Amino acid sequence: MRVSLLPEHCVGAGHCVLSAPEVFDQHEDDGIVLLLDTTPDAHLADAVHEAADLCPARAILVDAPGGTA
Amino acid sequence: MTSPPTPTTPTIASAGTEPARGNPAPLHYPMPRQCPYAPPEEVTAVRAGGAVPRVTIWNGVRPWLFTRYEDARVVLSDPRFSADKSRPGYPLSSAVALAETAVTPTLLIMDNPEHDHYRRLVLGEFTVKRAESLRPAVRAVVDGCLDRMLQGPAPADLVTGLALPVALSVICEFLGVPFEDRELFRSLTHTMNAIGGTTETAAAARQELQEYLECLVAVREKHPQQDFISRMAVKHLGTGAMDHERLAAMALLLLTAGHDTTANMISLGVLTLLRHPAHFTALRDGDAPGLLAGTVEEMLRHLTIVQRGIRRIALEDVDVNGHLVRAGEGVIAAVNVANRDPRRFPSGEDFDPAERAHGHLAFGYGPHQCLGQSLARVELQEVYAAVARRIPTLRTAVPDTELRFKEDMAVYGVHELPVTW
Chain A
1 MRVSLLPEHC
11 VGAGHCVLSA
21 PEVFDQHEDD
31 GIVLLLDTTP
41 DAHLADAVHE
51 AADLCPARAI
61 LVDAPGGTA
Chain P
1 MTSPPTPTTP
11 TIASAGTEPA
21 RGNPAPLHYP
31 MPRQCPYAPP
41 EEVTAVRAGG
51 AVPRVTIWNG
61 VRPWLFTRYE
71 DARVVLSDPR
81 FSADKSRPGY
91 PLSSAVALAE
101 TAVTPTLLIM
111 DNPEHDHYRR
121 LVLGEFTVKR
131 AESLRPAVRA
141 VVDGCLDRML
151 QGPAPADLVT
161 GLALPVALSV
171 ICEFLGVPFE
181 DRELFRSLTH
191 TMNAIGGTTE
201 TAAAARQELQ
211 EYLECLVAVR
221 EKHPQQDFIS
231 RMAVKHLGTG
241 AMDHERLAAM
251 ALLLLTAGHD
261 TTANMISLGV
271 LTLLRHPAHF
281 TALRDGDAPG
291 LLAGTVEEML
301 RHLTIVQRGI
311 RRIALEDVDV
321 NGHLVRAGEG
331 VIAAVNVANR
341 DPRRFPSGED
351 FDPAERAHGH
361 LAFGYGPHQC
371 LGQSLARVEL
381 QEVYAAVARR
391 IPTLRTAVPD
401 TELRFKEDMA
411 VYGVHELPVT
421 W
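Protein sequences appear in the order of chains A and P.
Under UniProt numbering, the first residue of the first sequence carries the number 1, and numbering increases by one thereafter.
Under UniProt numbering, the first residue of the second sequence carries the number 1, and numbering increases by one thereafter.
Incorrect hints may have been included.
Unchecked claim - Derived lysine to aspartate or glutamate pairs resembling DMTMM-like cross-links, with alpha carbons at most 25 Å apart:
| id | chain 1 | residue 1 | chain 2 | residue 2 |
| --- | --- | --- | --- | --- |
| 1 | P | LYS406 | P | ASP319 |
| 2 | P | LYS235 | A | ASP41 |
| 3 | P | LYS85 | A | ASP25 |
| 4 | P | LYS406 | A | ASP25 |
| 5 | P | LYS85 | P | ASP116 |
| 6 | P | LYS85 | P | ASP319 |
| 7 | P | LYS235 | A | ASP29 |
| 8 | P | LYS129 | A | GLU22 |
| 9 | P | LYS85 | P | ASP111 |
| 10 | P | LYS406 | P | ASP116 |
| 11 | P | LYS406 | P | ASP157 |
| 12 | P | LYS222 | A | ASP29 |
| 13 | P | LYS235 | A | GLU22 |
Bear in mind the hints are in silico, worked out from the structure with no lab data behind them.
Just so you know, these numbers come straight off a predicted model, no measurement behind them.
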């Protein structure tokens, strides 16, 4: 799977960090989402999909064109 | 009072038999609850029927009422819906809500790009890791409050003995607001949120708190300490990204929302645990990973204390999953009922920490989703765990029928919770 971000949408809710801490973090200074792994392992698929679903700003894209890693 | 059974196969099977989503009988919103532990049955019936009715609110405005989970998410996240309460026709929740437009606006009533500009200036203070770093301090506050309550006489009021002091201490310490002035914040917040009040009384309370915090911002700017107001003053006042007035308004939002909602979740949450003894015991004895976090998430979903829905106004025509809202029309996302939508949450009307409650709308959804949610989670986890561990014999000291529930407030809860142990 391939994960990308629309960081300009991020509102720092933090669901991604709670759902998939192996894949997402938040920048210490401005709180914006950080992508730790653009091609996470298959066993993280459910967690990554949950992160994308829970993101209130739709800032996480899974297997979609258009985002920036 | 037990909850009705949850439908188990609601999704695809019922889709074809739903009535057209139109406008049946006129409804006044909100209506009284039949049961203090559940939203009004009429609103739940609207969700079950699949309609999107127009409802009449206190001032005669007639917004659309969205009750389904997927519809609520659209209403709360589509940028064509505005949160600006000063717009004509906005479906205000009460006269006191209008006071928010009379004083310096907070994030709550801003649209983008203004909203994201101010929110992003403070986001770094609200990350998951920052909230976790505050956990030891939160734990110390909770233990201190519990020590005092347990050393005092029983019965005691859990609202004034635990819920309010914990919530006020944590937010005061975080912001850098003197805890000695807590009675001022508590009473002004009460005036701002009491539905029966007038716009004028609520605006006067809001103005008083705003001026208090503007003074504090000026003090912290000159003599910064280790707190939110000081850090934001140092970081943003010099660059012009934020001025004193806007920083004070940010602190006002965090101070009021940060203690009132949390305190209500503490007291109503403890009451819920007492009504579900198996889950109370599980919190004391259980050490399964995720049990505590899952219980808090389910508590947030089940209680959804924002009881009058989250409201918006359409700036353009918007199609909400097949329902057309015209420009200028108001909408209400009944998040308390949407959070029991069995299409999304298997536990539905029940309180069941074993079910996954993630994705609930208790903190809202979209760009306005609660800024302080990570800190709120830490607080609630620490309080529920400490109460279950330290007061296993806790019980209510009056029959449930004598409890006074907050139907008269913007945020639901109990006015007092007499407990003994």
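Worksheet item: Which hints, by number, does the structure contradict?
Response: 1, 2, 3, 4, 10, 13
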